[in-house]
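Between the sequences and the hints, there should be enough to build the whole structure, so can you do that?
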Amino acid sequence: MAFQPKITAFVCNWCTYTGADLAGTSRLQMAPEVRIIRLPCTGRIDPLFVIKAFERGADGVIVSGCHPADCHYNSGNYHARRRFAIFRDLLDFVGLDPRRVIFSWVSASEGGKWRDIVDSAAATIRELGPCRADTGDEGRGRLACAS
Amino acid sequence: MARIGVFVCHCGENIGRTVDASSVAEALRSHPGVVHAEDYRYMCSDPGQTLVREAIAANRLTGVVVAACSPHMHERTFRKVVAAAGLNPFLCEMANIREQCSWIHEDREQATGKAIAITRALVEKVKANTPLETIRIPIERRALVIGGGIAGIQAALDLADGGAEVVLVEKESSIGGHMSQLSETFPTLDCSQCILTPRMVEVAQHPRIRLYAYSEVEEVSGYIGNFEVKVRRKARSVNETLCNGCGACTQACPNRKVPNEFECGLGKRPAISVPFPQAVPNMPVLDRERCARFMAIRKGITKAVCGKCAEACTRGAIDFAQEDRFVTEKVGAIIIATGYQLYSIGKEQPEGEGLSGYGEYGYGQVPDVIDGLQFERLASASGPTGGRIVRPSDGRVPKRVVFLQCVGSRDPSRGIPYCSKICCMYVAKHVMLYRHKVHDGEAVVFYMDVRAAGKGYDEFTRRAIEEEGAIYRRGRVARLWRDGDVVKVQGFDTLSGEPLLLDADLVVLATAVRPQPGIRALAQKLSVSCDQHGFINEAHPKLRPVETNTAGIFVAGACQAPRDIPESVAMGSAAAAKVLGLFSKAELEREPTVARVDAAHCAGCFLCERVCPYGAVGRREVRDRAGRLVKVVAEVNPGVCQGCGTCQATCPGKHVEVQGFTDQQIYAEIAAL
Amino acid sequence: MRTGYFPGCSLHGTAREFDESLRAVAGAIGAPLAEIDDWNCCGASSAHVVGQRLAVALPARNLALAEAQGVEQVLAPCAACYNRLAKARRVIEEDEALRREMPELLGRPFGNRVAVRNILEFLTDALPVIEARLVHAFGGLPLACYYGCLLVRPASVTSAEDPEHPTAMEQIARACGAAPVTWHMGLECCGGSLSVSRTGSVIRLGRAILEDARKAGAEALLVACPMCHSNLDFRQRAMTRDGRPPIPVLYVTELVGLALGIEPRRLGLDRHFVSPAPLLARRGQAPAGGRH
Amino acid sequence: MSRSPVSDGGLRERILQETGVNTARCYQCGKCSAGCPMAAETRWRPHDVMRMVNTGAVGPLQDDPSIWLCLACETCASRCPNGCDPARVIDALRERFAREAPGGVPRPVAAFHRAFLDQVRRHGRSFELGMVMEYKLRTGALTEDALSAPGLLARGKLSLTPSRISGIGEVRRIFDACTGSAGTGAGGTGAGGDDR
Ligand SMILES: Cc1cc2nc3c(=O)[nH]c(=O)nc-3n(C[C@H](O)[C@H](O)[C@H](O)COP(=O)(O)OP(=O)(O)OC[C@H]3O[C@@H](n4cnc5c(N)ncnc54)[C@H](O)[C@@H]3O)c2cc1C
Ligand SMILES: Cc1cc2nc3c(=O)[nH]c(=O)nc-3n(C[C@H](O)[C@H](O)[C@H](O)COP(=O)(O)OP(=O)(O)OC[C@H]3O[C@@H](n4cnc5c(N)ncnc54)[C@H](O)[C@@H]3O)c2cc1C
Ligand code: SF4
Ligand code: SF4
Ligand code: SF4
Ligand code: SF4
Ligand code: SF4
Ligand code: SF4
Ligand code: SF4
Ligand code: SF4
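Chains as they are written, first to last, in the working numbering: chain A, 36 to 182; chain B, 371 to 1043; chain C, 792 to 1083; chain D, 11 to 206.
It is worth saying that the hints were derived from the structure and are not from the lab. All values reported here derive from a predicted model rather than from experimental measurement. Note that beta-carbon positions come from the ideal geometry of N, C-alpha and C, so glycine has one too. Fair warning: there could be bad hints in the mix.
To be verified - Anything over 10 Å on all C-beta distances counts as not near chain D; from chain B, calculated:
#: 1; residue: Gln419
#: 2; residue: Asp689
#: 3; residue: Asp781
What the hints assert, rightly or not - The calculated DSS-like cross-link candidates involving lysine-lysine, where the alpha carbons are at most 25 Å apart (straight line), are:
#: 4; chain 1: B; residue 1: Lys858; chain 2: C; residue 2: Lys1006
#: 5; chain 1: B; residue 1: Lys638; chain 2: B; residue 2: Lys700
#: 6; chain 1: B; residue 1: Lys700; chain 2: B; residue 2: Lys627
#: 7; chain 1: B; residue 1: Lys604; chain 2: B; residue 2: Lys627
#: 8; chain 1: B; residue 1: Lys717; chain 2: B; residue 2: Lys669
#: 9; chain 1: B; residue 1: Lys604; chain 2: B; residue 2: Lys669
#: 10; chain 1: B; residue 1: Lys895; chain 2: B; residue 2: Lys948
#: 11; chain 1: B; residue 1: Lys912; chain 2: A; residue 2: Lys148
#: 12; chain 1: A; residue 1: Lys87; chain 2: B; residue 2: Lys1024
Next up, the structure:
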């Protein structure tokens, strides 16, 4: 059977989660590989979550929240953006292909956009192949991905 | 030991068509910690709920996962069900296998597999859930209303009539706002003072309203239900308890040449004055900038000058030495109703970055070119001319009045792109008032569109044209200048294609509506946001029009956007209803998904304090038994915290956590997916 | 700062008195002007009818020459030239592609580094010197300051302080002791670019300007543009109805020159169609020698 | 000689490309036309021009002298609430019309611009006497007082011989590069002719 990647999505409760619900209500068909974890806000997303997801066998990660000006929490996602700039370096450090982490903004009304992101993420990760998490000690080892 | 129950819903065919619900239940039955799993056709139906309740009791469940629709749909429903069965409601989670699974996939096998994975992850999360108690916050059943225009007056009266205590803060010496300056009001031509004055008096006499006129909000702290407000009561130089409003002082003041702000500069007032006869409170203010005595003091003259007002006052109420005083009020909710100002016809635009004024209209330096409020004063029976519409320059009755609409509005080059909404209507009103008083006068209106969307509004503007004979010319005017006795108006009628050069006796500029100066500073004190123009942002443009993004703070009237009187009143009432709704509860109940600091481990770096978008993080001193300071730690105010989790993601040691979204819970979920 | 001088065609032709008076004033205030070698016509109002590229390239060659001559700014007294040079400078500044293309198009190096100044800016900078060297102040001569269009519009190009209410010319006039009148046509276009091809329009526009100046009590018009001057001076007879007395039209440099005590002939005052001699005699300034 | 079609949907876009003026921002307030000094003499005023560009129907402008009478005074541009620049749009249309249908350009106006630019191309500077002579020849307005030469000569304001700049080669190259081919490249109004 062809490679079926595992993709974990960290999304905020107000915008993207609602957008993903809307995609469902609108019956938009999309790739089945994405599993959503609901968080209050992208501001709550800790870079370690992403590392952890890879360590636990994810092949790709989506991080998505409200559009910068529309954050439910005024500025929560502003902090997320700042943190994730630093996070890019971290990915490099652990040896992860940055293409495995997809950042986006999806509002509550953008069901179609969510579908597009899911589909393109699935396609990208399928192309990159499985991510081999070579961890050693809990959380401290380097992740190496075969891509 | 966890004893989790899993309930898988078919939602009729909605889930059942692509997800094999019984296989999901089957798969979960063998998941560690799951002691009960079953599927049912409609889990939210009465029998479905009963089934959950009974299973909890029968299996002594310690946690529940409902694999069904989105939590946005039924999380509340099932948490209630769980609570009814005696379990803490926060030990229930929903696995979304409908919106995010069955509805978006067609392959039954894949969809079922995914549903199992999703449900497992939530089971893992529930295992890490802890019982949470709903937060209860006491409410101070008093409200602060800032601004005593018609919006603020309406809100204050509705609140007080509804049983709440009200503190009304007005920065001018009387309440009434702009409505007190208007002559008659569209769309019915009611006399503005006649309908406003009784309401102002009601405010003054209401036992539950405390009016602080000539006062401003200095500082605000606290949060919904528990604000503390410091009010600056500016020195009137008049003792409020002694003064009886007889007016002898204002009669006695020899310094009578001060431009009258209430009359928009069209009249004069003494240095000690009441803005208008129906003022509430009816009590003068001594203008220290213009009073001879204070001017002498500023010049260093030590001898007491003038003092005629004090001599005239039989009550001894004049108090030259009075200073600003401060009072602190505790309130549970705040309504902002600070109204508007007009785009100035002059060059300077207070707090108007990028706004330049109109050189081609002479920056207000051309005699007999006035703004809309000045026209209101000319038309008002209580105005400086007793309601005779005459030219400010020479007192002559104007035979042709030219009105220019959209001055400053709808003009991105001059900085204001929006439509001010009320001016089409008040220009039509001005036309009528003018024609009613000057029967042979000619009214010419330069407009771009007539925007009159309201009950009876279009009929009103049509009346101005059809019955009052106003000549509406479609086009913006290029230039105005004074030529001898008249004002030349160089315009164009885009409908007839005619260039026009009109001689006007009086020109009225319908200038844009802008928020009050000082609004940004006030918004900052209240932690609410303004739009790019300075209007207060509502929480949602359609569904939460009188709330702000800060809990417990509401907005009404023209400080939110250009508004006419009916809308300002409606907003005032709506904001009051919102506040009364808030006050109707014994305590504020809030979801306990707020952050909590682990004081034992908190290092006191206060990174969390810096990033919190709501200012919910405070500091607390930790002392040992002998009372010595051990350390200072962060502390989250649960009344303010919105549970966004930014602090948690920021804290280097993870010593602050949002309840319900702890690291442990999320890691459990990640691991299971 | 070294100032390059771009006289433009008019100042070598119909507006010689502008050139003469400017040179005389520059000498008197000690601000030497270095004429740009081999300058070419800026294209005036015709080039941009043909195409934007030509309208930019013709002035740009002059800017390149000025740059090669090592000046930091170039003075273009003719309002039309000023407008063209300033506009070209700005268009090139904003259009990266055009900027890169310029050296090849012009066949010379070009960095778009030279600032473009008009006569009012030049004189405003020199006001302290002018005031210090004033010998013959006008005793309150009522003047209508006429800017026309090209000196102030569009503001994005000319950086005029206030495109609806400029005051630079008034300030210069006041410094010379004149009393600018309040009038309304100071910024209306005189129709310069139709001067030859549609004289009737120019007469109509000019008449309105002159009538307003008269009504405001002006005894002379002050201008800073050769096109305005030639329209209002040369065609004034056709613009004036029913034998009203003519109004002399003075270049702002002529006014300053007179106030600095420079002999009228050196300022080219004898070249006007409406002789300023009677006015100057009336105002106690030496009469201009006749060449009429 | 082709005419632009009655409605040209892409015109607005092309004008935007050429001039940077987004005519779609124009809301037809007429403030430009109210201040335009030529509005009294023209059939199509600046706001009409903006409208026609927006609808793509500029045909009427081609049959009328209106846009050729624009003085480039920029009064319209400086007062437009939407930062539109009708004068610039008019320039672009003139350029286009001159290229596409030189016959439509009104004779005196075309003759003037052609005469003027001819002088510049030939000498590097304008030579007024030559220009006026050429203009009169082109329009046949021999008796019309375009410029009264005697008065000018007497005042030393007219020279009888052109002064030619030494970099004339450069100027001609610029003309050629900017007006297409040499000679009649600029349609009806361009500078043409050889050094005579
Ligand atoms: C020329 C003209 C004619 C009009 N005619 C009509 C009409 O015919 N019909 C109609 O329906 N509408 C009319 N309007 C609109 C009408 O004026 C407004 O709708 C109405 O006044 C808005 O009421 P408000 O209470 O929101 O604001 P305001 O009337 O502006 O009142 C705001 C109050 O808040 C106070 N305040 C401001 N800042 C502070 C602060 N920081 N602290 C404390 N107090 C503060 C002010 O002093 C003022 O008293 C007209 C408007 C104009 C300009
Ligand atoms: C084409 C169109 C597009 C629109 N787009 C927008 C938009 O984009 N944004 C926007 O803000 N607004 C929009 N609107 C306006 C919007 O629809 C209304 O503002 C809004 O629906 C009004 O809500 P309502 O509750 O007052 O009335 P309604 O929506 O009409 O609801 C009235 C309800 O009362 C019930 N009812 C009626 N009589 C009785 C009775 N005797 N007993 C019991 N029940 C009764 C009706 O069945 C109905 O359910 C649009 C309107 C139209 C026509
Ligand atoms: S609980 Fe949700 S999924 Fe189940 S029947 Fe009700 S709506 Fe449908
Ligand atoms: S005279 Fe005294 S009592 Fe009367 S209004 Fe003045 S201060 Fe008040
Ligand atoms: S002290 Fe004199 S000037 Fe001042 S308010 Fe009293 S009466 Fe007026
Ligand atoms: S309400 Fe009317 S006058 Fe006022 S800005 Fe809007 S369109 Fe213009
Ligand atoms: S960030 Fe963490 S350690 Fe720092 S003060 Fe806040 S809770 Fe304490
Ligand atoms: S969860 Fe958000 S609102 Fe609450 S304290 Fe932390 S940062 Fe502030
Ligand atoms: S002024 Fe501007 S917006 Fe108004 S009609 Fe003219 S171009 Fe259009
Ligand atoms: S530039 Fe042309 S269109 Fe614009 S105002 Fe001047 S003459 Fe009229």
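Each hint, compared with the structure:
1. Gln419: The claim holds: glutamine 419/B sits with its nearest Cβ about 57 Å from chain D, beyond 10 Å.
2. Asp689: Aspartate 689/B clear of chain D: closest Cβ-Cβ about 51 Å, beyond 10 Å.
3. Asp781: 4 Å, violated
4. Lys858/B to Lys1006/C: At roughly 15 Å apart (the allowed maximum being 25 Å), lysine 1006/C and lysine 858/B satisfy the hint.
5. Lys638/B to Lys700/B: 40 Å, violated
6. Lys700/B to Lys627/B: 42 Å, violated
7. Lys604/B to Lys627/B: 23 Å, holds
8. Lys717/B to Lys669/B: 31 Å, violated
9. Lys604/B to Lys669/B: 23 Å, holds
10. Lys895/B to Lys948/B: 22 Å, holds
11. Lys912/B to Lys148/A: 24 Å, holds
12. Lys87/A to Lys1024/B: Holds - the C-alpha atoms of lysine 1024/B and lysine 87/A are around 16 Å apart, at most 25 Å.
Checked against the numbered hints given earlier, the structure breaks hints 3, 5, 6 and 8 and satisfies all the rest.
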